[in-house]
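Asks: If you want the building blocks of each chain, they are given just below.
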Amino acid sequence: MLQITEGSMAVAEAVRLCRPQVVSAYPITPQTHIVEALAEMVANGKLDADYITVESEFSALSACIGASAAGSRTYSATTSQGLALMYEVCFNVAGMRLPIVMTIANRAMGAPLSIWNDQQDSISLRDSGWLQFYAEDNQEATDLHYIAYKVAENQKVLLPAMVCFDGFILSHTYEPVDMLSQEEADKYLPKFTPKERLDAADPVSFGMYATPEYYLEFRYETDKALKDAKSVIKAAGAEFGKMFGRDYSAMVEGYQLEDAETVIVAIGSLCGTVKDTIDEMRAEGKKVGLLKIRVFRPFPTEDVAKALKGAKRVAVLDKNISLGAKGATALEVKDALYGSSIPVYDYIIGLGGRDVRKKDIRDVVALAEQGKGNQFIGLRKEVL
Amino acid sequence: MALAVGCRARPGKARDNKTGSWRVFKPIFDHNLCSKCGTCQVICPEGCITEDKEGFFDPDYAYCKGCGMCSEECPKKAIEMKQEEK
Chain U
1 MLQITEGSMA VAEAVRLCRP QVVSAYPITP QTHIVEALAE MVANGKLDAD YITVESEFSA
61 LSACIGASAA GSRTYSATTS QGLALMYEVC FNVAGMRLPI VMTIANRAMG APLSIWNDQQ
121 DSISLRDSGW LQFYAEDNQE ATDLHYIAYK VAENQKVLLP AMVCFDGFIL SHTYEPVDML
181 SQEEADKYLP KFTPKERLDA ADPVSFGMYA TPEYYLEFRY ETDKALKDAK SVIKAAGAEF
241 GKMFGRDYSA MVEGYQLEDA ETVIVAIGSL CGTVKDTIDE MRAEGKKVGL LKIRVFRPFP
301 TEDVAKALKG AKRVAVLDKN ISLGAKGATA LEVKDALYGS SIPVYDYIIG LGGRDVRKKD
361 IRDVVALAEQ GKGNQFIGLR KEVL
Chain Y
1001 MALAVGCRAR PGKARDNKTG SWRVFKPIFD HNLCSKCGTC QVICPEGCIT EDKEGFFDPD
1061 YAYCKGCGMC SEECPKKAIE MKQEEK
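Protein chains in written order, with our numbering: chain U, 1 to 384; chain Y, 1001 to 1086.
In isolation and in its complexed conformation, chain U is listed as follows:
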């Protein structure tokens, strides 16, 4: 049913429909509305779950580890400094192969303190072994939660998943969202039934110690599970499309890509602005297209290479920066296109809540056409 709702409320409702048995989270802007809504649902009996209140994000995700290992479908949400405080726990969750789903309302990292949006927080955890989904709008943000649980709990995968959506830009924006019914959600996402769980009658420990003779192999297997997740993501996205009409089988999505000479690569809500700009530029006769990356981990290297093979030039937008190097997406796209003659230009854009306007996208296209990359867009040179 179509509802006009705030992004955070839509996500909270989707999470409720996924029937998590344990929720543990610590409120932090701009994620707060999600966990407030879930706490209210639990208190009012709308969600049959244990809501564990904790004193920090580190404890929140640690509580989720215990709950997930005990066999519960488990949920958390955070952002920015909160996610950074979970850093150690994130690696543990992945290494223990626990299918926890966590929403990230993307926000910049301090210092300087910023509560506004970019994607530095979750991108910085790209190496932790979590699946990472990025939503363009609130419809996608809600739908990706069902898919995230479905993929994470698949026996071939058994890895945690972050569903990332841009803080404020999506989390605090009202949009029409088509919400599943409980029956539909249950049909798509059956009960979580782990093969192995913490049980006092049949003791087992999770995430034990591995000597140098075994550690390398454990890392190999976790990496393999993340790479094997590609086919599981595609199948889960296709099944969702078949059941509800919104197809998420592609890990990357093209817009006006077929004959595009300049292809912009972007992640998250930025894609909406890029699409509007493309519509205007197409009307003016400019052959511009977009490749949206929905899944960042596992990175769809082959899909990106295939989608970009007809491009004359590629312009990658990053709302993050690996300081001292480049934006994370640019590095991945360059890797995907290694050996081809297609030039890839990289741009850092919209950090710390800086608005990205259609004019900025036009600037990017113009710079790419001139063969100029490797720069920040919209720098206010007068304050430097």
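Some hints could be false.
List time: in silico BS3-like cross-link candidates among lysine-lysine, alpha-carbon distance up to 27 Å [claimed, not checked]: (1) Y:Lys1013 - U:Lys195; (2) U:Lys334 - U:Lys358; (3) U:Lys191 - U:Lys227; (4) U:Lys286 - U:Lys312; (5) Y:Lys1013 - U:Lys224; (6) U:Lys275 - U:Lys358; (7) U:Lys156 - Y:Lys1077.
Part of the chain Y face toward chain U, derived, beta carbon under 8 Å [stated by the list, open to error]: (8) Leu1003; (9) Gly1006; (10) Cys1007; (11) Arg1008; (12) Arg1010; (13) Pro1011; (14) Lys1013; (15) Asn1017; (16) Gly1020; (17) Val1024.
These are computed hints drawn from the structure, not numbers from a lab. For every residue, glycine included, the Cβ atom is placed at its ideal position computed from N, Cα and C.
Assemble chain Y onto chain U, guided by the hints.
Replies: Quick look at chain Y alone, frame taken from chain U:
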């Protein structure tokens, strides 16, 4: 030993970690000097020293990490630490 997903383990699994591979110096027990006092067994942090039928003591080299505490504490200097070539 095949890997368990998520490095999960049943109780008692630590026995599979043969910590003897960590050893650099190997304690050599000389029964001719030994007074059978048992200090080495009490002091061993790995708990890998056992008493035989005659009352002599010997370490289980599969687990002995070569810390040298038995050698240091032996009142009869009956335990010599020798560098091990692997």
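Asks: State for each hint whether it applies.
Replies: Hints, verified against the model:
Between Lys1013 (chain Y) and Lys195 (chain U) the alpha-carbon distance is near 19 Å, which keeps this suggested pair within the 27 Å criterion. A hinted pair counts as satisfied when its Cα atoms are at most 27 Å apart, and Lys334 (chain U) with Lys358 (chain U) qualifies at roughly 25 Å. A hinted pair counts as satisfied when its Cα atoms are at most 27 Å apart, and Lys191 (chain U) with Lys227 (chain U) qualifies at roughly 25 Å. Proximity of Lys286 (chain U) to Lys312 (chain U) is assessed by CA-CA distance (about 13 Å); at most 27 Å being required, the pair is judged to hold.
At most 27 Å may separate the alpha-carbon atoms for a hinted pair to count; Lys1013 (chain Y) and Lys224 (chain U) meet this at roughly 25 Å. Our distance criterion of 27 Å between C-alpha atoms is met by Lys275 (chain U) and Lys358 (chain U), whose separation comes to about 9 Å. With a C-alpha separation of about 57 Å, the suggested pair Lys156 (chain U) and Lys1077 (chain Y) falls outside the 27 Å cut-off, and the hint is violated. Annotation: interface hint on Leu1003 (chain Y) holds; nearest CB of chain U at approximately 6 Å, less than 8 Å.
The closest approach between the C-beta of Gly1006 (chain Y) and any C-beta of chain U is roughly 4 Å, which is under the 8 Å cut-off, so the hint is satisfied. A least Cβ separation of about 5 Å between Cys1007 (chain Y) and chain U falls short of the 8 Å threshold, and the interface hint therefore holds. Using the Cβ-Cβ criterion of 8 Å, the hint placing Arg1008 (chain Y) at the interface with chain U is satisfied: the shortest such distance is roughly 5 Å. Taking 8 Å as the C-beta cut-off, the interface hint given for Arg1010 (chain Y) holds, the closest approach to chain U being about 6 Å.
Checking Pro1011 (chain Y) against chain U: minimum C-beta separation of about 5 Å stays under 8 Å; hint holds. The closest approach between the C-beta of Lys1013 (chain Y) and any C-beta of chain U is roughly 7 Å, which is under the 8 Å cut-off, so the hint is satisfied. At its closest, the beta carbon of Asn1017 (chain Y) sits 6 Å from a beta carbon of chain U; the interface hint therefore holds under the 8 Å criterion. Interface hint at Gly1020 (chain Y): violated, since its Cβ lies 12 Å from the closest Cβ of chain U, which is beyond the 8 Å cut-off.
With its C-beta approaching chain U no nearer than about 15 Å, Val1024 (chain Y) sits outside the 8 Å limit, and its interface hint is violated.
Of the numbered hints stated above, those contradicted by the structure are hints 7, 16, 17, listed in ascending order.
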